[in-house]
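Trainee: Spelled out from the first residue to the last, the chains are:
There are 4 protein chains.
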Amino acid sequence: MNLRGYLNARQRRNALEKNLRISLSNIGHYSLDEKAAAAKNCENMIGVAQIPLGVAGPLKVKGEKFEGSFFIPMSTTEGALVASINRGCKAVTESGGAITASYNIGATRGPVFYTGNIRNEQRLYEWVEKNEEKIKKAAESTSAHLTFKKLIFRGLAEYAFIRFAFDTEDAMGMNMATIATEKIVELIEKETGISCISIAGNFDADKKPAWINFIENRGHKVWAEATIRKEVVKEILKTFPEKIYDVWLSKNMLGSAMSGSLGFNAHFANIVSAVFIATGQDPAHVVDASMGVTTARVTKSGDLYFSIYIPALMLGTVGGGTVLATQKEALSIMGIVGGNQGKNSQKLAEIIGGAVLAGELSLLASLAQGSLASAHQKLGRGGK
Amino acid sequence: MNLRGYLNARQRRNALEKNLRISLSNIGHYSLDEKAAAAKNCENMIGVAQIPLGVAGPLKVKGEKFEGSFFIPMSTTEGALVASINRGCKAVTESGGAITASYNIGATRGPVFYTGNIRNEQRLYEWVEKNEEKIKKAAESTSAHLTFKKLIFRGLAEYAFIRFAFDTEDAMGMNMATIATEKIVELIEKETGISCISIAGNFDADKKPAWINFIENRGHKVWAEATIRKEVVKEILKTFPEKIYDVWLSKNMLGSAMSGSLGFNAHFANIVSAVFIATGQDPAHVVDASMGVTTARVTKSGDLYFSIYIPALMLGTVGGGTVLATQKEALSIMGIVGGNQGKNSQKLAEIIGGAVLAGELSLLASLAQGSLASAHQKLGRGGK
Amino acid sequence: MNLRGYLNARQRRNALEKNLRISLSNIGHYSLDEKAAAAKNCENMIGVAQIPLGVAGPLKVKGEKFEGSFFIPMSTTEGALVASINRGCKAVTESGGAITASYNIGATRGPVFYTGNIRNEQRLYEWVEKNEEKIKKAAESTSAHLTFKKLIFRGLAEYAFIRFAFDTEDAMGMNMATIATEKIVELIEKETGISCISIAGNFDADKKPAWINFIENRGHKVWAEATIRKEVVKEILKTFPEKIYDVWLSKNMLGSAMSGSLGFNAHFANIVSAVFIATGQDPAHVVDASMGVTTARVTKSGDLYFSIYIPALMLGTVGGGTVLATQKEALSIMGIVGGNQGKNSQKLAEIIGGAVLAGELSLLASLAQGSLASAHQKLGRGGK
Amino acid sequence: MNLRGYLNARQRRNALEKNLRISLSNIGHYSLDEKAAAAKNCENMIGVAQIPLGVAGPLKVKGEKFEGSFFIPMSTTEGALVASINRGCKAVTESGGAITASYNIGATRGPVFYTGNIRNEQRLYEWVEKNEEKIKKAAESTSAHLTFKKLIFRGLAEYAFIRFAFDTEDAMGMNMATIATEKIVELIEKETGISCISIAGNFDADKKPAWINFIENRGHKVWAEATIRKEVVKEILKTFPEKIYDVWLSKNMLGSAMSGSLGFNAHFANIVSAVFIATGQDPAHVVDASMGVTTARVTKSGDLYFSIYIPALMLGTVGGGTVLATQKEALSIMGIVGGNQGKNSQKLAEIIGGAVLAGELSLLASLAQGSLASAHQKLGRGGK
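Protein sequences, first through last, are from chains P, Y, D and A. Here the first sequence is numbered in the numbering used here, starting from 1 and rising by one per residue. Here the second sequence is numbered in the numbering used here, starting from 1 and rising by one per residue. Here the third sequence is numbered in the numbering used here, starting from 1 and rising by one per residue. Here the fourth sequence is numbered in the numbering used here, starting from 1 and rising by one per residue.
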């Protein structure tokens, strides 16, 4: 059996149902624009996965360029997650909100060239050094919404890796980056005679945990912080600043060191994946976003200073999954549907930063209080 | 505004719609059992995210304990992904199918203890060494479906980290592992007087990229391989074994080395995340699964030997998101709904292994052929 | 010009002097047994490098199986290093000494086998699982001083990597491990028909920074700790426990996280390399020893708890460079010349642990006090 | 007993000899200028370690700015090492020599600042961005031989890490870099009011294995390559290009991937440590230099293309240990004693690059041929 020749989701679904003697009626229950989704988002479409969508918040966020209270849409099947983030939002908001900042490094693409030998590799390096303006021009000719930002060149004797970064406004931008890089590659090949082996040479590095993304950053980098008053820690988080600090130091820092981690955090990936799925981001970019560092400190007055740093957050508010019906509605909950000269994606990045702050805080508090297992037993998947 | 006091998804949705002057009608369109989902999977539920679901395949898989042809359900919003995996499935299947193997290491939980000093830490080590049977018994008292498998103890002067691994049959098992570990921690605290700081000490290491998961493995580890005849490479993949090898070496191996990666692959995360979302897995576990190694080799007869290895694949066919309506249907496409003494989760692991094999093959072929950008331009998100 | 045909160091030296019109008279000034060194330690010998050798201490060390005060021989050309360690020794000793512990994991060798495909790889795995006794016997037939300790098997589709660990008593043991592994490989090849590609497959991992050594350990793993009274911190280290803690947290933990380090320490490598060169260890093993974690904490009474952990310390007191004249004398300063059923190498490991503790303490104190640059300016290489 | 009050090496040595009832006569046998060494290189000096010094070569090296045949001085106690490098030199030289290139990134120092919160951290970032010229001027005021090259700023909410790189001509430059950074820190503290916690914040990252050094480079980065004719591989290296390639792929690439390595090489550390000790470099910098990548490829004509890349090689020909008697003589063997506007250190870097190429080639050939254990058994430390 194969599915070629079937014209739409229903036909494919019916074929599978008949052939495998199963029912796919829930998968067939949806309201999105099937034709658009089948053309742009998912080939061989048979319907949809329905992922529960909840909201955490309101969370007060004080960004550099905006300020507001936000409900955060989260799609998840992991019981206790939304409740936990929600509790963190409350603690952060009652302490004045999450102060955030972000910087847009841009989407990166990193082709690999075969130079054949060291002298050619040096020649390529020199050409690239001299012709950055040309490269920029070639890249920017591919889209009015793309700006070339920078490049990193690393030679490996007979190979050369170049990482290009592009501002793509409110788009996550990997496709735009790929198209712009293809233009750059054409230029390089034509002018130097040196061939590109692969337009994506894992020097990007896309959807793989990689120190280059931690150190050189990718997409947006985001910071968030709050000082949680000790009363709030006690009343809302049911524990003490000192205990949260203890858990943070032994778990996020020492435990991460002992296990060879790229992430010095408790669970960035949980929060990011839930918001990503709700808002139509590429969920494989959770890999990049799972890296990052949380800090905690007991202040002189006995309160808890708490911060998070995400070095590589790839996201957008236009294109990809963001145009789908429920995803667009999820974005509308935060007031950031569509393109807005990069401001919407920045806002989304910082709101996620705030949510991650809330999520780290709440989980570390649960661990400090010793309530993780019971929370899961009560709310979650059971266990037995 | 806050959402406490509202009784169900509709009420919350309406409150948000009214308050934010938006429409959430698509989020409100679903067929899943709201009551169960709200209780078990997602607090503050307002509805669902609809994620397009397509199928790739059929893919012939020859596991150790099963053999068959499978359609692989994938939920994604990334255009061209399903089509690409589909092409890989065809090439693999026409070459005799994916040969797979897997090994269940089990879910891991890694608490951190505060011993206070080196001598106490040694004392704790000795106690643990001597009482592994007691630990096993305590752990297994928490569930008839959980088997204690092993522990790893690492001391850090005043701290001790212990990583416990549990076979949890067809459940992904993190909650079961947490509950069992809580029981073990009680035992240790009672018998040694040494306190646990956090039941999750990032020595698990859950949802963070970490070498300990790569080296010690976590969940299932999975291998898949196929020898793709050169004619198949040419006809279906539109390129040559030598070119796929060249891209593999320069990208997956050298490019990954140059960027400090934990993943020596092209895009494991893409395939895993799409199947995970379709089948109700925890999407944050894509982080663990994004690590792994692909190998490629041109055989003496000019064909392409191709393999993948995933060291840490956390998944299940019971509990969590797998009980939801569309997710259960997606599992039914592969014939692995519910519990079956661990066989269903093993089967899912190896089918994913085969799909990852197909996905790596297809992407490396596209890169070798130079068609990545054009594929995205045609099928994907556009770019402009 | 080439140096074949010359019979001894003098002849080679003279040939170089004449040919290059240089003087090598200092290289020609030595008292070691040239014949033995030329045969066992260094081919094409022309003389020696004279490396200044100083002593730090006395340092009080309280090991598990020994206790004493030790002068620590250090060969270095880095001004201020011995003085700094010396200061640390004083602070540690005045606070009661360094409490130490160690565990001998043993020397490791990690061959790579070519199995050809997954099923063969599984077959090899099963054979190895079943025949660990045979493997042990084969290994131990190569030396009365070698004990097989354990193996770790990791498959990669068509490849298999096996890491063998051996207790080699007071020898560092890489050569013994290599010879024993060769015997094991013969056995495996004969009984399974599967070939070894390389007896050293970077799964050892010898002299490369590698997480497997951090996580699985190698050679000796060593802990040391001391609680430094606040008066001692003030008088000897010229700073405060709180300031040392601040530097430790921001530098050793957060700075290491931000730079993608395998070492969460300040300068283990400095101390280890100086003792290694003085005592005839293999200086390339400083790479393995440079990994590790320092912890610092201000106690309730305002003192400084301080500890270090070295996960992979390769060393010995017999064989290799330890038999050379000055190296043997350096070992005699600590009373650990030659073999003693593993006790001498353990003692050396723990004394180095104590020295590393002293060195970390003293450098962090200098940094806290802001005196690093001035120390170097005064004592060191100048700067201009 | 303590050693304060003793005036010179002899007095200290005698005191130790008497007190510990040992003889240190060989340690007391040396020709170096004790007074200078005691003042500049090693406090509490009691004499020297005599390390056997041999030469490998001649090795033909074709640098960018120089060309020549060099004997390479190596201080080692590891039998078979010099012989092995020597064999590699022969193979490389007979194939036309090592083609090399290098780039001086410079010595780096990476202080950590405490900003207190995100907004202050942004303020610091902006100040630094605007005042790079001022920073450069401050740094360069500290030495006529130091040039400020660049800075990398990374914020972590309440902390900021800045990595400064300086060209220090022929000096390794860590002390010069420290002094220059101290000046920069003074400037920043004065103008921004933000305090430096530690002038060395592990963002350097000095003597710890760290991805930032691999990715951002440190000291000199060096490439070397040669195409070894198949006849040379057969006659001198006793194996075949294909077999060397097989060992390289399975060991250096896949084995390194499987063990979580920062080094995709066989034994850079061995070669670098031997040359470093012979020529007065800081042996703890072997840690930085142990990282790097080797590549191997069988050419269409059946020869072996072979290359190495060292991303972080810290060395110098002035200052530190290079002024000592034997070390200076060792440098004179290569004709690079003292300062020469950076040319001598560049030459040393590229000669080491060539030696590393020879060393990698020879070891991989031994492994391919299966002669590693027997070589050690014959030449080395014995084994029993």
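These are calculated hints, taken from the structure and not from any lab test. Treat the hints loosely; a few may be bogus.
Chain copies aren't distinguished; within one or between two, either way the pair holds.
Calculated cross-link-like contacts (lysine to any residue; reagent style SDA-like; alpha-carbon spacing at most 20 Å) [to be verified]: (1) K136 / E64; (2) K60 / N19; (3) K130 / K149; (4) K35 / S25; (5) K300 / Y245; (6) K137 / R297; (7) K300 / S195; (8) K183 / W127; (9) K300 / N117; (10) K234 / R297; (11) K130 / Y103; (12) K230 / G116; (13) K130 / K150; (14) K60 / E191.
Trainee: Using 20 Å as the alpha carbon limit, work out where K230 and G116 are close: within a copy, between copies, both or neither.
Mentor: between (62 Å within a copy, 18 Å between copies)
Trainee: Treating 20 Å as the Cα threshold, decide for K300 and Y245: within, between, both or neither.
Mentor: both (14 Å within a copy, 15 Å between copies)
Trainee: When no copy is specified for K300 and N117, does a C-alpha distance of 20 Å or less occur within a copy, between copies, both, or neither?
Mentor: between (59 Å within a copy, 15 Å between copies)
Trainee: Between copies, within a copy, both or neither: which fits K60 and N19 at Cα up to 20 Å?
Mentor: Result: close only across copies, 16 Å inter versus 52 Å intra.
Trainee: One pair to classify: K130 and Y103, alpha carbons no more than 20 Å apart. Within, between, both, or neither?
Mentor: between (27 Å within a copy, 17 Å between copies)
Trainee: With 20 Å as the alpha-carbon cut-off, assign the pair K183 and W127 to within, between, both or neither.
Mentor: The answer is within: 16 Å in one copy meets 20 Å, while 36 Å across copies does not.
Trainee: First find the shortest C-alpha distance between K35 and S25 inside one copy, then the shortest across copies, and answer within, between, both or neither for a cut-off of 20 Å.
Mentor: Both: 19 Å inside a chain and 19 Å across chains, each within 20 Å.
Trainee: Could you place K137 and R297 in one of the four classes (within, between, both, neither) given a Cα distance threshold of 20 Å?
Mentor: This pair counts as neither: shortest intra-copy Cα distance 47 Å, inter-copy 36 Å.
Trainee: For the identical chains here, do K60 and E191 meet the 20 Å Cα criterion within one copy, between copies, both, or neither?
Mentor: neither (52 Å within a copy, 33 Å between copies)
Trainee: Should K234 paired with R297 be assigned to within, between, both, or neither, using CA atoms and 20 Å as the limit?
Mentor: within (16 Å within a copy, 24 Å between copies)
Trainee: Between K300 and S195, at a C-alpha cutoff of 20 Å, which is it: within one copy, between copies, both, or neither?
Mentor: between (60 Å within a copy, 18 Å between copies)
Trainee: Between K130 and K150, at a C-alpha cutoff of 20 Å, which is it: within one copy, between copies, both, or neither?
Mentor: both (13 Å within a copy, 19 Å between copies)
Hint compliance for this structure: hints 1, 6, 14 are broken, all remaining hints hold.
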